Structure formats: C-alpha cells, structure tokens
Amino acid sequence: MTTVETAVDMSTSLGSAPIPSPVLTASGCSAFGRELEPFDDLTAIGAVVTKSVQLRARSGRPTPRMAETPSGMLNSIGLQGPGIDGLLADELPWLAERGVRSFVSIAGTRVEDFAELAARLRGVPGVLGLEVNISCPNVESRGEVFACDPVAAADVVAAVRAAADPAHPVYAKLSPDVTDIVSVARSVTDAGADGLSMINTLLGLVIDPDTMRPVLGGVTGGLSGPAVRPVALRCVWQVHSALPGVPILGMGGIRSGLDALQFVLAGASAVSVGTAVFNDPSALSRIHTELAAALAQRGFASLTEAVGYAHR
Amino acid sequence: MTTVETAVDMSTSLGSAPIPSPVLTASGCSAFGRELEPFDDLTAIGAVVTKSVQLRARSGRPTPRMAETPSGMLNSIGLQGPGIDGLLADELPWLAERGVRSFVSIAGTRVEDFAELAARLRGVPGVLGLEVNISCPNVESRGEVFACDPVAAADVVAAVRAAADPAHPVYAKLSPDVTDIVSVARSVTDAGADGLSMINTLLGLVIDPDTMRPVLGGVTGGLSGPAVRPVALRCVWQVHSALPGVPILGMGGIRSGLDALQFVLAGASAVSVGTAVFNDPSALSRIHTELAAALAQRGFASLTEAVGYAHR
Amino acid sequence: MSALLTSPAPRAANPPVQRVVEVVARRPVNAYVELTLAAPEIADRAEPGQFVAFAIGGETSAMLLRRSIAIAGTADGVVTVVVAPHGPGSTWLAALQVGERVDVVGPLGRPFPLPEPGVPALVVGGGYGAAALVGLAARLGESGSAVAAVTGAASADRLCSVDELGEVASPVAVTTDDGSAGRRGWVTDAVAELIGDAGVVYACGPMAMLRAVAGAATAAGIPSYVAVEESMACGIGVCMTCVLPVIGEDGRTRFSRSCAEGPVFGGDRVRFADVGTLPWDVVGADAMGVVAP
Amino acid sequence: MSALLTSPAPRAANPPVQRVVEVVARRPVNAYVELTLAAPEIADRAEPGQFVAFAIGGETSAMLLRRSIAIAGTADGVVTVVVAPHGPGSTWLAALQVGERVDVVGPLGRPFPLPEPGVPALVVGGGYGAAALVGLAARLGESGSAVAAVTGAASADRLCSVDELGEVASPVAVTTDDGSAGRRGWVTDAVAELIGDAGVVYACGPMAMLRAVAGAATAAGIPSYVAVEESMACGIGVCMTCVLPVIGEDGRTRFSRSCAEGPVFGGDRVRFADVGTLPWDVVGADAMGVVAP
Ligand SMILES: Cc1cc2nc3c(=O)[nH]c(=O)nc-3n(C[C@H](O)[C@H](O)[C@H](O)COP(=O)(O)OP(=O)(O)OC[C@H]3O[C@@H](n4cnc5c(N)ncnc54)[C@H](O)[C@@H]3O)c2cc1C
Ligand SMILES: Cc1cc2nc3c(=O)[nH]c(=O)nc-3n(C[C@H](O)[C@H](O)[C@H](O)COP(=O)(O)OP(=O)(O)OC[C@H]3O[C@@H](n4cnc5c(N)ncnc54)[C@H](O)[C@@H]3O)c2cc1C
Ligand SMILES: Cc1cc2nc3c(=O)[nH]c(=O)nc-3n(C[C@H](O)[C@H](O)[C@H](O)COP(=O)(O)O)c2cc1C
Ligand SMILES: Cc1cc2nc3c(=O)[nH]c(=O)nc-3n(C[C@H](O)[C@H](O)[C@H](O)COP(=O)(O)O)c2cc1C
Ligand code: FES
Ligand code: FES
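Chains as they are written, first to last, in our numbering: chain A, 1 to 312; chain B, 1 to 312; chain C, 1 to 293; chain D, 1 to 293.
Please keep in mind that the hints were generated in silico from the structure rather than gathered at the bench.
A couple of the hints might just be wrong.
Unchecked claim - With beta-carbon atoms standing in for the labels, derived distance ranges:
| id | chain 1 | residue 1 | chain 2 | residue 2 | range |
| --- | --- | --- | --- | --- | --- |
| 1 | D | PRO10 | B | ALA242 | 48 to 54 angstroms |
| 2 | B | LEU258 | A | SER141 | 36 to 42 angstroms |
| 3 | A | GLN297 | C | ALA154 | 37 to 43 angstroms |
| 4 | D | ASP44 | A | THR211 | 38 to 44 angstroms |
| 5 | B | ALA301 | D | PRO10 | 15 to 21 angstroms |
| 6 | C | ARG252 | B | ARG98 | 44 to 50 angstroms |
| 7 | A | VAL182 | D | ALA25 | 41 to 47 angstroms |
The structure displayed is predicted, hence computed values, not measured ones.
The C-beta atom is built at its ideal place from N, Cα and C for all residues, glycine as well.
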C-alpha cells in the first residue's frame, strides 16, 4: 500500500496555500484538533479546519444537540466556542507549536463581525487561510441566512477579503439549501472569494416519538453524513462545471477514499471529512491512504490530474 | 395488535375526499398498483398515487437509471409511462374495477399540458383527485423546474384547478430544492391548491469510481429514501407552522409506522410511502398497522387528533 | 407481423410471495457460495428462469435495495441459489450462515418457455449463470428433449454447476478464457459446434455472452431465450429502473422491465447493441425529444 | 474561590486507542448482557470510571454514531462491559457473539479521583451503573478505604454486579422499586443510612439518581463524584453534543463535555436542575442573547 501511495503526488493547495495532503478536517467536526492527536498525525493531513469562531465566547445551545438519522445525523450545537481571544490565546498556538496547519473558520451575524475576525487573524503563525461560514443568521435581515442570499453572501466575502491578510486565501462555505447554488457561488467569487467550501449541512428535523416534540432544543438542525453525499456531489459538480477555475474544498458524507475520489473527480481539489470522524477517529489518515491508493490504481500520477476528471 | 389498531379511527381525507387509511403509495414508486396486489390489500390503503402521467407516452431515459446511496437511492427514470390515453384505457379501469382508489399524478412541460391532463381526468371512475408534479422542467423558461419558481408553480396550479373536476382535490407536489419552501407553498395555495404533497426527491449525483463518470445516464438524479427523511420532516414542519389550515400529504423516507407518526405529528394528514416499497413490497399494509398501534399506544382516539400535535 | 423466431416469454403461472426464510445449507463452490433456503411456498411456485430478491443487511442496514439472484434449483421445500460475492450486497448474502434468516421475495420474473416436446435444446451458461440452467435442462429432458450444454467462465474457479449439468445434459462442453479448465476459449466456440443439432437455445450469463449466443442462434435460424441481468431496484416491476430495449409482439421496441417482462426475453427481441441508449424508434422516444434520423 | 467540596476530576493518565477487538466471552446477566473483549491495550490503560465507544453494525450500517459503554472491569488483557439492550445500537451490541469482532475506542473520559488513603467510601450504583463501580471499589479497598455499597434498580432483573460488589464492599445494600429483590424503595433511602460513615461518595446510574445522591452527599458536607450519561455523538471530545452545565474550578459555569471533561464530575459541580436549559450565567450565554434576569 505504502508503495502504491508514494507513487502518487498528493500535494494540492487551498488557493495560494500549498498543502501536502488533500484531506482536511471539517469545521466543527474536529474541534481544534487536539483530541485527534491519539488517532491521526495532524501534521500529515492537509489542515485542521477549526470550529467556526465568532468575536465573543459562546455557550452554544442547550441539549439535546444531536439526533442520529439514517446514515447521518442532525446537529444543533449553536457554535459553542471560546471566541477569537480564546482561539488566538490557546488553540492556534497549540497547533502552530506542533507544526499543524490550520484553516480558520470564522462566523458572525453582522458583516463587520466577519471583517473584524479576518483582521484579527492577519499574520497569525500556522494559519493557512480562512473559511467563511456564511450559514449564519444575518441579524440585519430578519435572521435570514447569509448563504441563502447571493447579495448578503457577497457583502460578507468582500468585507473579509478586504480585511484579511493578503497571504490568506479566503474560502466561502456554501449552503445547499438554496434554489440555485451556482448563482451564490458566482456572486461570492465575484466578490473576491479565492475558493469555495461545499457543502454545509442541510436543514432537517427529527421528532421524538416518545415526547412527540422535535428532538433538538433548536427544533431544526443540520443534516450531515453519508446520507447527504449525493447532494454534496451534485453541488460540487454544478459549481465546477459553471466555474471550472474556482478551487473547491469538497465535503458532505465522505467516509472512505472512494467517497473522496468522487468529490475530486467532480471538481474538488481538496476535501473535508466531518461526521465520519465521529464514526472513526482515524478516518483522516485512512482516507488519505485509501485515496492515494485509488488514484494510483487508476493510473493518476498526481491528485491534481484527477480534479474534475469526471467532466471530461 | 389488531385490537390496538381497531381502537384508533384511521380515516382521514385528501382535501374533500375521504379515505379510510392515511397510508398511500408515492408516485412512481408503485407504478399503477398492479404489481403490489400479491403483497398488499390495495383497497385497504388510502389510495394508489399513480406514476406521473403526461399527455404522450414516454420511453423514459436510457439506463442506468438508478444508483444505490447510503440509506437511499438516486433515480433518473425520466417519467416513463403510457401517456394519458394508456392511463385512461388500461390502468385506471383496472384499479376502478377492484375498488382501489387512485390519486392521479400529472406532469408536463407547459402549463397547458397540465390543464389538458386535468380536464381529461374529469369524472373518471375511481379517481379521488390529482397530484400535480411540478418538479418538471418548464420548456417556456429555459427548462427551469416549475416547483423552483413560485410564480410558474402558481400558474400551473391555477390552470389545473380551473380545468379539473370540481370534485377532485388538487394537491401540488413541492420540491425541497428551494431556498424558501414556505413561499412556494403559499403561492400555490393562493393559486387554488387544495393540499400539498411534500417532498419530491432532492437533486443528487453519484460518480462511478470505475468509469469515473456520473453513474446515471441523466447525470443528476432524484435522491429518496430514509436518508432524506429529516429534510422532508423539516419541510412539512415549516409549511404546517406557516399554513396550518392546508392539508399535507407527507413523504420522504418513510419506512416504518414510527416514521409515519413523525410526519403526522409534524403536520401531515396523510403519508406516501415510496422507496421503502422497493425494500419491502408489503410496507404499505405494515406501516398502516404500525402507525395505528403507535397512535393507540399514545392514547390517540383518531389519526386526525395527532395531525400537527408536535407544534403544541 | 413480426418476422422474429421467438414469441415474448409468457407470464409465470404463480404470483410471488414475501417470506423471512432460514438458510438450511451453505456450500462454497469455487469462487461462489451456494445457499439453500427453507422456502416451501417459493419452491412450489418457482419455474426455471425465475429469480428471487433478497433484502440486505437487516433493519439497520444502509442498503435499501433488494438484490436479485437467479433460482438455481428447487427441491422439496427448499430453494437453492448461487451467489458470487461482488459488492457489499452480494458479499453480505454470501456470508450468510446456516441458521440465519433472510427476507426474500419470489419467485419473480418470467420463466423460460418450453419448446414442443422432443425439440432438441442447447443450454449455454456463463459463470454462475450456468446454475440457473440445471433446473431447465432437467425439465427439458423430462419433456423428451435431447439437451446439450455449454458452460464457460474466465477461469476454472468461476465455473459453476458442471457436474449438475452432466446429470441432465450431454454433451457438456466446458470452456475457460485462460484454459484452466475444459477447452481454452469462449463459450461461443463450443456453441458454434453444437448449435447445428439444436432446435432451441437457452442462455444465462453476462450480457456480452448473451448477445453473442443470441446472435449465433438467430444467424442459424434457431429461436433463443436469454435470461438477462439488469440493475434492479425493486425486482417486482414498480420502479422502472431495469429496462432494456426489447422488440414486442407487434414488432415495436419498448423499454421493457427485466424484472416483470423478463428476465427471460427472446434472444432476437433484445436490442443488445442499443442497451444504455435511447434509440429513436423506441415507443415514447419522440416525447423525450428524440427525432427519427 | 469556589466553596465547593470537590475539585474537577483530573485527566486520565493515558490516551485512548482504537482497535478492532474480538468478543471472547458473553454472559446474559438478568436484563443485561456482559461482554468480555480481548483488548489488552485498553485494559492496560483503563481506570475506574472511564468508558469505551463502539462502532455499530459494521461497514454497511446506517448507524454512524458510536455507542458509549462504561468499562465494568479489566483483567489481564480483557475489558468487560455490561450492555442493556435499549434501542437499535445497544441491541446490536448485546447480540454480539463470542468470536465476532467490533471496533472500539478507549479508554475514554476522566476516571474517578481517589481519596486520601484510608478515607471511607460509599459507592452507589443504579441499574447497570453498578457494574462500573466494582473496579473502583476494589481500587479503594487496595488503597485502604473501607467501602460500603448501595445498588438499586426498578426490579430484580435490572440489578447488576451485586455479587461482585459483595467481594469488594461491605455492607452491600440492595434496593428495588418494586421490592422484587432486597429492600423495597430507592437507593437514596439506603444512602441516607450509610452516608454518615462515608468520607467520599461515588455514584453511577440514571441522571435522576445521580442528582439525588449528589444532593444527599452535598447536604451532608461530603464530597461526591458522579459518572453521567449524556447522549454522545463522538465520545472523544470533538463534536460538542454531550455538554452539561458544570461549575468549574473558578466557580463559573460552563457547558462541559461529558466525554472529555467527564463522564466523572464533582457531584456538587453538575447543575442537574439546569440540564437541557441555557442558564444566563453559563459562560458565553450572553453571546447567545440570554440576558441576566
Ligand atoms: C435477474 C437477475 C439474476 C441474478 N442472478 C444472480 C445469481 O444467480 N448470482 C449472483 O451472484 N448474482 C446474480 N445477479 C446479480 C446480482 O443481483 C448482483 O451481483 C448484485 O445485485 C450485486 O450487488 P452488490 O451489492 O454485491 O454490488 P453493488 O455493485 O454494490 O450493487 C450496487 C447496485 O447495483 C446493482 N447491481 C450491481 N451489479 C449488478 C448486476 N450484475 N446485476 C443486477 N444488478 C446489479 C445492485 O443490485 C445494487 O442495487 C442477478 C441479477 C439479476 C438482475
Ligand atoms: C459515558 C456513558 C456510559 C454508558 N455506559 C453504559 C453501559 O455501561 N451500559 C449500557 O447499556 N449503556 C451505557 N450507556 C448508555 C448507552 O450509550 C446508550 O444506551 C446507547 O447509546 C443507546 O443507544 P441505542 O442505539 O440502543 O438507543 P437509541 O435511543 O436508538 O440511541 C439513539 C442515539 O441516542 C444516544 N443515546 C440514547 N440513549 C442514551 C443514553 N442513555 N446515554 C447516552 N446516549 C444515549 C445513542 O448513543 C444514539 O446516538 C452509557 C452512556 C454514556 C454516555
Ligand atoms: C456536529 C457538527 C458541527 C458542525 N459545526 C460546524 C461549524 O461550526 N462551522 C461550519 O462551517 N460547519 C460546521 N459543520 C458542518 C460540517 O463542517 C460539514 O460541512 C458538514 O457536516 C458536511 O460534512 P460531513 O457530512 O462530512 O459531516 C458541523 C457539522 C457537524 C456534524
Ligand atoms: C424510482 C422513483 C420514481 C419516482 N417517480 C416519481 C414520479 O413519477 N412523480 C413524482 O411526483 N414523484 C416521483 N418520485 C418521488 C416519490 O414520489 C417521492 O416523492 C420521493 O421518492 C420521496 O419519498 P420516498 O423517500 O418514500 O421515496 C419517484 C421516486 C422514485 C424513487
Ligand atoms: S426492478 Fe423495479 S421495475 Fe424492474
Ligand atoms: S461526544 Fe462528542 S464532544 Fe462529547
């Protein structure tokens, strides 16, 4: 297997930032990386995509925060986290000291929040770039989610791109819960996004047959896991065919190297593994190995050759 | 079990049309009912929702037409069917002779097609009402799907309601692939829909790791099965809270009586069972029995008492 | 009006049933696994050429779709199938142990139509496809037909039911692509030699083989019946995923369901070259926007 | 600055491992099933109070989330767990047979902190929760503590590890809600009688019981440690689904992860009454829009 692997050049990049592996964590599915240390070599994966951080520390929502669903799960964490100060003081240094690359996910409820976060992250050691989680309610527009409105999404991305470290690629993370994901993708790339992360969770709901009420404290939650993989692949496919030049960080139900391969063939130049980590904490390393082997078996000399190959 | 069942009044209605059971087939998942005869008492279920019919006979798409996915499947049949003449000549009489209620799904690519189909179905024996499958490309608008545009969807529904037998309730079948399903629901009910069927499949894609191309001849396909259940329940929940007076035929991943119960509690007054029939051809009868037992265990005297109960 | 050598296979005599049945015997056969199921109601109803459809992985399985498997044989109260572990579903099936229970629907599909008594027959099986022909060959023998058999596979370990065929047919020609058993080459080589004595040909196996055998039979003016394998979601005729372009009694081509109008089709009625495409002359192709050239 | 009787439980000495292990013994115990796993690396690392997390249903399973199960005991190379069949996941676990293999991660979570040598201890177990206390009681005994035990359940068939506790603790008081075994009533009745002699209390079982026992201990001015059960998606600390409002060293309440900061918490640090709510004084509640009353 090892020989098979080393035959394939697995290096790729996030915008301008080179990474040795196309396999990354997914925001919110590996916290800030520490807990995976017993299971994965974090310096070998592409990057740790950190849990979306906001300006202030957040408690997150009351429990229950999750429900298992067929081949997936529903979550409603409410972005529990330390806030940007805690991130800069504790989490990012821990990763930097160990030589682990971080791709920092930022979130907010106002355009200015996003911009301020981007500014605070300028020049921070170990930070490769930013993933902008626009699947958040926009307080200035009756709580409509930024990602569901091409204009609001573009405003956020433009503000972040302007405020961010010029060396930091800015990826906009898209929601699949839209009528036309290509128009959102086009709008945010026009606004300066260097790449696109897709997909975030689908809005879902589960009712507890015993209490006869929604399981989640937040009523609705985000659906993730292999159940959503066909939707994620469709989004990556549509956006790559419309905007072939835009790098895509693909995710949504990736559990194996062959799942990751589907995303690469559809147009993703890197992938995030989220829910699968809950099932298998060593999924990241395993998927890297399986993907390398799958590429070798198919005669690819490098990962980049396979990106978008299914559109040929 | 039987005693438990008979304790609950399972009768409900599709708009003005009363039915003895809330469990129906899903359009396209039981053809025209015949093949289920060895497995289910078709006169005992709510109705057979027939495969969407168009004006002309259709061959459907080339194979491959399906791909299995985690807890679901992707299909791209292309509405193969006999056309309205064949339906009226062969299929509906077969159902009527046996006293099986039919709820006829109609589809088209132009508003006039839908209206003509509705007119052709006036006063046909055994036909309870119409389900309008607006998840079809609108040839008059660059192939955009009717269901994804509140105005186009309303045009179809208004035309169908005007042309249809006044005794036939008209249900509009909504697609989950929209940014705001409530606005589509509102628009079609304002246009005269007597009820809403939700959800149709989600647009998805699967790539064959061997051919390294999309599995389906049609490239993308419709995702169905338990994988999509949380999305379907969310749609039913959102629409029932916004439009509590509008009857909902709920569907999407129903496999057991407890799954059906979730839809009822979320606001559905009847349910369709689709993909689960492929897994278990006797699913319809089983789910009716399981749902009746579940309602009895929870102290409901009738199904209707439980409709929307989770919103209390 | 059709100038074809075959008529469409008629419906089976009995409707299918759905049962949860026990595995009463399990036997590895080369690359395959032979499972014997206690399923009297299916055994009584089944005719050669029909198949069963298994639910996979139990209640908590992520695999919803049934897997179709040809009936290899029936005896008092039991049904035998031969499973080739391929992907997750057939691998799960092949791993079933004696005493375990599985949900099965059958018998499904249309059986092989039998010729007039005494008409000499040639049965041709590829890989595990040979298993499905043993029952047919026996039935043909009983009705007075002389039965010759050809069975082939890529290699010796992919051959199947050679001994069983020996008991009900003769000669039995065996071919393997690599020569690891029988004669080196394809079944079609052996078919070419034996087809002259046949009044009807039956085939079961990979699509490419069916196409070649049907072509040879039709060229020789001999009717042939093939049992096809198309990807199936339901197996009972309700989903329309399993269609092939097949020429009907009226000479018109329709997308016919392999599970309901098949799996047995007249070899000269399946438009093998057009599988996976939408020819303009298929009924309803015009409504799909396909225009005659 | 905190006036509480307990300090937060310290981290475990060893990191977890992930292994596919074999079931080497299976024993039904009343309503439960005791599984023994050949897992030397986990056995060597585990400390009382920690748990393991099992993957459910294999490759083709529709259940992605691991199921957390307390470690009931460890002996040379093996780990023992007691599973109560409840929903699909625990039912699948409980059905595992000797020789079958399962993917397990552990040991996870923080162990019970041990008192100064010689401090008398009371261990209180509810239902299968008692199993997790056997190893702790033994460890306490070795370090010179007198150990009393209370174990209770709804009915006799839901009791667990009574004999095992008898070997490492005395007295062992048994209660059942229906009086079908031991004394009729709740564990709290027996706890009330024995708590006076205890310098520290340990409890494992349903939340309601933990709340009552912790309340009694705190009221008596005795430190208590409880092992909680919160719904967990990952078990390793990365998903944030398993949080409870817990008072920290600094006296401030945070949503703490049961899997990483727990499952063992100081009984006077868990705000049982606020579980499932978002109190205004939880760190970061203000950012959620919750304002002080
Ligand atoms: C009428 C009929 C009779 C058959 N008889 C036998 C038999 O006797 N022994 C045997 O081993 N196999 C037989 N097959 C093939 C068997 O159904 C497939 O090998 C099996 O479905 C593959 O499933 P999988 O999960 O292992 O593979 P996967 O590739 O994971 O299957 C994925 C999906 O594709 C479908 N699929 C994949 N390959 C085939 C195929 N060759 N034919 C039909 N569907 C396929 C599956 O049903 C499933 O829905 C028969 C198929 C048909 C249609
Ligand atoms: C630290 C810890 C230790 C545990 N120790 C044991 C033990 O020793 N023996 C034992 O039988 N059980 C134990 N449990 C409970 C066990 O994890 C659940 O009973 C089991 O997860 C239920 O899964 P299910 O699929 O059977 O039920 P379902 O209700 O179908 O589970 C659905 C989801 O809810 C979660 N869930 C349901 N009930 C519980 C619960 N009580 N606690 C946590 N999560 C739950 C499941 O993990 C799953 O994600 C423990 C739980 C935790 C957190
Ligand atoms: C428990 C959980 C928490 C998540 N938190 C975040 C988050 O904070 N920010 C974000 O952008 N996405 C978040 N996501 C979405 C994932 O990053 C990912 O987009 C989605 O889960 C699909 O990938 P998967 O199927 O591999 O999990 C979260 C997902 C889960 C399951
Ligand atoms: C094979 C297949 C064919 C379908 N054909 C139709 C159709 O013709 N018209 C329609 O409105 N919906 C069609 N659907 C969608 C179903 O009616 C249903 O809305 C969807 O599958 C969700 O329900 P389920 O998860 O129970 O299958 C089809 C679904 C499948 C799987
Ligand atoms: S497999 Fe469903 S119609 Fe043939
Ligand atoms: S279960 Fe995932 S953080 Fe505790």
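Results for each hint:
1. PRO10(D) with ALA242(B): 48 to 54 angstroms: Roughly 51 angstroms apart at Cβ, these two residues keep to the hinted range, so it holds.
2. LEU258(B) with SER141(A): 36 to 42 angstroms: holds, 38 angstroms
3. GLN297(A) with ALA154(C): 37 to 43 angstroms: violated, 20 angstroms
4. ASP44(D) with THR211(A): 38 to 44 angstroms: Roughly 42 angstroms apart at Cβ, these two residues keep to the hinted range, so it holds.
5. ALA301(B) with PRO10(D): 15 to 21 angstroms: violated, 56 angstroms
6. ARG252(C) with ARG98(B): 44 to 50 angstroms: violated, 29 angstroms
7. VAL182(A) with ALA25(D): 41 to 47 angstroms: Given range 41 to 47 angstroms: violated, Cβ gap about 57 angstroms.
Hints 3, 5, 6, 7 from the list above are not met by this structure, while the remaining hints are.
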